[in-house]
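S.K.: Produce the entire structure from the sequences given, and follow the hints as far as they go.
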Amino acid sequence: MEFKCPVDWKWSSWVEYKSLSNLYGNCFTRRERFCTNSLPKDAEGGYDCFGLSLDFQILESTECPVHGGWNQWSFWSSCSQPCQGGKQTRRRSCNNPLPKYGGLQCNGNDIEYKTCYSDRCKDMTVNLNLFFNDKDYIEAYSDPTNEPSEILKYSLGQNVGDFAFCGTFCNSNLVVRSYIFGSYIFAIKE
Numbered sequence: 359m360e361f362k363c364p365v366d367w368k369w370s371s372w373v374e375y376k377s378l379s380n381l382y383g384n385c386f387t388r389r390e391r392f393c394t395n396s397l398p399k400d401a402e403g404g405y406d407c408f409g410l411s412l413d414f415q416i417l418e419s420t421e422c423p424v425h426g427g428w429n430q431w432s433f434w435s436s437c438s439q440p441c442q443g444g445k446q447t448r449r450r451s452c453n454n455p456l457p458k459y460g461g462l463q464c465n466g467n468d469i470e471y472k473t474c475y476s477d478r479c480k481d482m483t484v485n486l487n488l489f490f491n492d493k494d495y496i497e498a499y500s501d502p503t504n505e506p507s508e509i510l511k512y513s514l515g516q517n518v519g520d521f522a523f524c525g526t527f528c529n530s531n532l533v534v535r536s537y538i539f540g541s542y543i544f545a546i547k548e
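In this text, residue positions in the sequence shown follow our numbering: the first is 359, and each later residue adds one.
Careful: at least some of the hints might be erroneous.
Label-pair distances were calculated between CB atoms; the ranges are [stated by the list, open to error]:
(1) D413 <-> N454: 28 to 34 Å
(2) W369 <-> Q463: 40 to 46 Å
(3) F386 <-> S451: 26 to 32 Å
(4) F414 <-> K472: 44 to 50 Å
Here are the simulated lysine to any residue pairs, SDA-like style, with alpha carbons at most 20 Å apart [to be verified]:
(5) K368 <-> C385
(6) K472 <-> L412
(7) K445 <-> R478
(8) K445 <-> K458
(9) K368 <-> E390
(10) K458 <-> D468
(11) K445 <-> Y475
Everything labelled a hint here was simulated from the structure, so no lab data went into it. Glycine residues also receive a C-beta, built at the ideal position from the N, C-alpha and C atoms.
M.R.: So this is what it looks like as structure tokens:
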């Protein structure tokens, strides 16, 4: 009877993985090795390899990519106009955390839009009285029932700027600026 000496299994060399991973706040790299022997299949096997086949090494956080994360959305902005389909916006930032060390930017948009006040603007008749002292003027805005027209006040302030106004007694230097739904703003052409 022939007796074969058992041959123990042996570890291969470590196979290094260069990819870095971030798990539970730790940055690590992983390497692996395999338990092998070089005997023919009919040979008697000895002891199995002793130890672990995987090895993890925790690295400094500066070596590991940090992928960006979205912060919460801001509140919706005020509606851009009081009627006829205004717009509201809200924003968010990719800073929770900021992407670092080659990490990915956040996926998606940092701004959203939605419509507001989609009803048609109501028709209104507004008396616009302008009083002059050279180029200085005083504005008096009112609707036919003498209630202040906040919409007109706001729009005039936003759209007219430094123009000087003229009333019904204007000369040929008249400039007519279109306003909402058939109203007009008149300005003196310099």
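S.K.: For each hint, tell me whether it holds in the structure or not.
M.R.: Comparing the hints with the structure gives:
As the Cβ distance of D413 to N454 is approximately 33 Å, the hint placing it in 28 to 34 Å holds. For the pair W369 and Q463, the beta carbons lie near 41 Å from each other, so the given range of 40 to 46 Å is met. Separated by about 29 Å at the C-beta atoms, F386 and S451 satisfy the suggested range of 26 to 32 Å. Checked against the given bound of 44 to 50 Å, the beta carbons of F414 and K472, roughly 47 Å apart, stay inside it.
Distance restraint check for K368 and C385: the Cα-Cα separation of roughly 30 Å exceeds the 20 Å cut-off, and the hinted pair is therefore not satisfied. For a cut-off of 20 Å, the pair hint linking K472 to L412 is broken: about 52 Å separates their Cα positions. The suggested pairing of K445 with R478 holds, with an alpha-carbon distance near 14 Å, which does not exceed 20 Å. In summary, the hint linking K445 to K458 is not supported, as the alpha carbons are separated by about 34 Å, beyond the 20 Å threshold.
In summary, the hint linking K368 to E390 is supported, as the alpha carbons are separated by about 14 Å, within the 20 Å threshold. For the suggested pair K458 and D468, the alpha carbons sit about 18 Å apart, so the restraint of at most 20 Å is met. Note on K445 and Y475: the hinted pairing holds, with a Cα-Cα distance of about 8 Å set against a maximum of 20 Å.
Figure legend: structure checked against the earlier numbered hints; hints not met, in rising order: 5, 6 and 8.
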